[in-house]
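*Asks:* Top to bottom, those sequences are chains A and B. The opening position of the first sequence corresponds to residue 1 in our numbering, with each subsequent residue numbered one higher. The opening position of the second sequence corresponds to residue 1 in our numbering, with each subsequent residue numbered one higher.
Since the hints were derived computationally from the structure, they do not count as laboratory data. Among the hints, erroneous ones may be present.
To be verified - Straight-line distance between alpha carbons at most 35 Å, and here's what the computed DSBU-like set of lysine-lysine pairs gives:
| no. | chain 1 | residue 1 | chain 2 | residue 2 |
| --- | --- | --- | --- | --- |
| 1 | A | K190 | A | K165 |
| 2 | A | K380 | A | K529 |
| 3 | A | K190 | B | K189 |
| 4 | B | K112 | A | K190 |
| 5 | B | K217 | B | K189 |
| 6 | A | K555 | A | K529 |
| 7 | B | K112 | A | K165 |
| 8 | B | K189 | B | K112 |
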Amino acid sequence: MGFYFTQFLTGLASASSLFLVAAGLSIIFGVTRIVNLAHGSFYMLGAYIAYSIVTSIDVGPVGFWLAVLAAAVAVGLIGVAVEMLLLRRIYHAPEMFQLLATFGVVLVVQDAALAIWGPADKLGPRAPGLDGAVRIFGELVPQYDLAMIVLGPLVLGAIWLLFHKTRWGTLVRAATQDRQMLGALGANQKVLFTSVFFAGAALAGLGGAAQVPREAVSLFTDLNIIAEAFVIVVVGGMGSILGAFLAAVLISELNAFGILIFPQITLVLMFLVMAVILVVRPWGLLGRPEFIARGPGEMPEAPYRPADGRLKLLGLAALLLLVAVPLAGDDFLMVLMVDVLLLALFATSLHFIMGPGGMVSFGHAAYFGLGAYGAAMLTKLLDTPMELAVAGGIAAAAAGAVVFGWFCVRLSGVYFAMLTLAFAQIGWSVVFQWGDVTGGDDGILNVWPAAWASSRIVFYYLTLALCTGAILFMRHLLYAPFGYGLRAGRDSPLRAEAIGIDVRMRQWHGFILAGAMSGLAGSLYAFSKGSVFPDIMAIPQSIDGLMMVLLGGVKTLSGPYVGAAAFHLLEDQISRLEFWRAILGVTILFLVIVFPQGLVGFLRQRLSRDEAAP
Amino acid sequence: MAETGTDPPLLSVEGLHSYYGRAHILSGVSLSVARGEVVVLLGRNGAGKTTTLKCIMGLVRPAEGRIRFQDEDIAGAAPYAVCRAGLAYVPEDRRIFTELTVMENLEVGRQKPRAGAPEWTPDRLFALFPNLAEMRNRLGGRMSGGEQQMLTIARSLMGNPSAILLDEPSEGLAPVIVEQMAQTVRELKAEGLTVILSEQNLHFANHVSDRAYIIEKGQIRYEGTMAALAADEDVRAAYLTV
Ligand SMILES: Nc1ncnc2c1ncn2[C@@H]1O[C@H](COP(=O)(O)OP(=O)(O)OP(=O)(O)O)[C@@H](O)[C@H]1O
Ligand SMILES: [Mg+2]
């Protein structure tokens, strides 16, 4: 009895920090409609800054809490800088660009944190004055946990007062419903947005800072926290602070007790709960349905043009060049080109759902990873021949897409993006934690191709054939009724339904197909490298995919392969540099702000301008 | 200004053009409103009334044209700046904050008092709209259409404007409420407020306005006093639904 009660208290204590992050995320989204991927980074910064203060100054019991507050304010100010320098430029950009831009911030913050605090985990000292333990029902409970249990509801109450008893709060709630009308009533949006960003970032910073005596902060903290915060916001309902609180408690208790029953797969439990809630209430426990509805989109996109003679010729020439690659007799080039081909397939499959399908997935690497792990595990555990293992990898990815996709296609816009990201992070965590089966961090080694395909040249041609075939297949589908239906569902779901297209079903099928194709790329990747590691299904890999599509241009069909090639060659260069993440982050920001139409889009614009000129 | 003998108009719009995407919605709208006047913009469905008002308010960016309000050039200014210059806007779809109470809705509209414009407080507004007084703490979403229409006007008045844009204030209201609305417009005029309203309902317009403009396909086709319009059967038949 006592034991379960302490476990319950531990759950409540953990809930507080998560609630703070999720509340901040939710408030920022409510007003600015931006889902801030860097919110986990704000949490991480709060923790690092608090750590630095409490380890460099000898703080007393009061000083400790002042340090926590100071860290929160510092993070709030960093948030203000991000808002004023970056987000102000992209409030009117499509959601995907906003998400990507905030991911650019994640990368920059990661490298900044690495430079300032180094790679080792940091665990702060115990909080002065709260460093003991209390006996409750015969079990010891840390005093600090009790303080955390108080902190959550305290902040919840403070937010409530702020929102209901101050003019600022009234304006924030009004902005959550109708920003434009608020402007017409004389409220300066710029000031409001910046102040809201300060508040949201400070809440995340507070969550991180308060966690310092309980949990070590590491450079992984940002993405772990953001995924958990997404789950909480999706479960609790976007825009609802009380919902965030309830969901934080629910998820934390689930973790606290799940660990007793299935220590390895608490995340699976979390997934199940999230799944059940989303089926019953797609907009979350206390959310509002309108947030998940598709907003008034951009202008409908121009239809894709079938390749004209010139483009076909160009494609053929590219293919001939690819066929000729082994003639160069350069092994390194062949390895590089295998990577490029696999990434091109990965990016094309992502583009398949996100361009024509309008479903911007922030977790597409999950299916790449499922394919790779599926193939690798079949090979290692069952000694399956390569051909079967590749088929198995595709099947694993497709099965994952069947399950995850079923939930995801029920949502749209940022909700879709958040859910795909959360699922992918769950997949990554399972692979990472379930060491007995997946090898955990050590990965799975010695996954070599079958004897007939073991020579570099044969494997290269095998990859070339499969990737080209798969890419052409997807391209073909887009010009077939399947693709028209997908695009109709993207541009005008209601009208598509009216002419008898089951949009959700069509999107689900598209999602599964894209997952399977990504799985094909993943399983070939496993054989090309001879090993797999959890990294290949982590969030950065998903973002890489988005970068490739973006670099090539979302609105073009040939963008993904051009983008994949450009991205990989670029990454190959910069990943040798020390602060490559920050460089990549800045590149993302640059692309989003200056170059949103992508390479192919840019070239096409130039071409048509030249043609239009007399 | 006073030296010239005639006051310059409070609001003047010249050669306004506006597009939604490629659709040319307004092609050269011009109008001018004197201080203290009640002017109605009449026109059929889709004629461009709402777009004109939104352009003036800064909610739609005009592609071309000049908008002057109290000697300030407000074309292309942000809505909040236009509001702070003393121009209030009441949208046709009301846009009440449904999860805020009546009092909170009023608070959102509150701005500093302005020299030369009537000053409003919740109490004065409750005197103007007695039924709102009885539901101070009711959520905006729980009010009837007529009550919401009163609230949206009251909310805009909280900004202490010198002029107010009312987009189809009588639309969708029961006859009794429409009568009340006409009374309200007359009271606003008596307070010294300038009123620019858009209407399809000629009957309502006749009751409250001094002067009318008729807009059709994004162009002003007629301008005259209400009396002149009443006498001109051809114009009414050509541009207004009867
Ligand atoms: N957001 C929009 N996008 C594209 N076209 C629009 C948009 N809003 C209005 N329009 C078009 O602009 C034209 C003018 O519309 P507007 O709303 O100004 O007319 P209105 O005179 O206010 O009509 P109503 O009496 O129906 O309110 C119409 O043809 C309408 O279809
Ligand atoms: Mg209208």
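*Asks:* If a hint holds in the structure, say so; if it does not, say that too.
*Replies:* Hint-by-hint comparison with the structure:
1. For a cut-off of 35 Å, the pair hint linking K190/A to K165/A stands: about 22 Å separates their Cα positions.
2. With a C-alpha separation of about 14 Å, the suggested pair K380/A and K529/A falls inside the 35 Å cut-off, and the hint holds.
3. Between the alpha carbons of K190/A and K189/B the distance comes to roughly 34 Å, so the proposed pair stays at or under 35 Å and holds.
4. Distance hint between K112/B and K190/A is fulfilled; the C-alpha atoms sit about 19 Å from each other, no more than 35 Å.
5. For the suggested pair K217/B and K189/B, the alpha carbons sit about 30 Å apart, so the restraint of at most 35 Å is met.
6. Proximity of K555/A to K529/A is assessed by CA-CA distance (about 32 Å); at most 35 Å being required, the pair is judged to hold.
7. At roughly 20 Å between alpha-carbon atoms, K112/B and K165/A fall within 35 Å of each other, so this suggested pair holds.
8. Simply put, K189/B and K112/B have alpha-carbon atoms about 21 Å apart, close enough for the 35 Å limit, and the pair holds.
Violated hints: none; the structure is consistent with every hint.
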